[in-house]
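One point on numbering: in this note's numbering, the residue at position 47 of the sequence shown is 47, and numbering is uninterrupted.
One should not assume that every hint holds.
Straight-line alpha carbon distances no greater than 25 Å define the calculated DSS-like cross-link-like pairs of lysine-lysine that follow [unchecked claim]:
# : residue 1 : residue 2
1 : 79        : 67
2 : 10        : 68
3 : 8         : 93
4 : 79        : 68
5 : 10        : 93
6 : 10        : 67
7 : 100       : 10
8 : 8         : 100
Restraint-style ranges between C-beta atoms, simulated for each label pair [stated by the list, open to error]:
#  : residue 1 : residue 2 : range
9  : 77        : 8         : 37 to 43 Å
10 : 21        : 93        : 40 to 46 Å
11 : 76        : 8         : 34 to 40 Å
12 : 74        : 107       : 38 to 44 Å
13 : 58        : 83        : 15 to 21 Å
14 : 18        : 57        : 25 to 31 Å
15 : 18        : 96        : 25 to 31 Å
16 : 48        : 23        : 20 to 26 Å
17 : 38        : 93        : 24 to 30 Å
18 : 9         : 82        : 24 to 30 Å
Worth flagging that the hints you see were computed from the coordinates, not collected in a lab. Don't be surprised by glycine CBs; every beta carbon is placed ideally from N, CA and C.
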Amino acid sequence: MSSSRRIKSKVIADISIYPIGLGTSLGVHVQAAYNAMRSERGVRLVPSAMSTNMEADDLDSVFRAVKKAHATLIRKGAKRIAVYLRIDHRLDKAETIEYKIARIQGRL
Numbered sequence: 001m002s003s004s005r006r007i008k009s010k011v012i013a014d015i016s017i018y019p020i021g022l023g024t025s026l027g028v029h030v031q032a033a034y035n036a037m038r039s040e041r042g043v044r045l046v047p048s049a050m051s052t053n054m055e056a057d058d059l060d061s062v063f064r065a066v067k068k069a070h071a072t073l074i075r076k077g078a079k080r081i082a083v084y085l086r087i088d089h090r091l092d093k094a095e096t097i098e099y100k101i102a103r104i105q106g107r108l
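Kindly generate the complete structure, drawing on both the sequences and the hints.
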């Protein structure tokens, strides 16, 4: 591939966000945060048991989705919010969540 051709990269992120101080059953709050992130255009979400994978064309979209989730938990009464966010922004190759999973599964 020539250096003049631009690769359409994706940002892949993994987020775990939860309120502290709202009890031990957090499912309704996590669902609200998930729905808030889902409202961000251009961000694709893939939930799992302990976190949610995110895929977007740019980093700003990921941060806007996280901010929406954070604001939602504040509105629901959270006094403290823990956010664990990991970001993989590969610029040399266009990858998707499915591509990364398939690569792992192919090596098992």
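What are the numbers of the hints the structure violates, in ascending order? none
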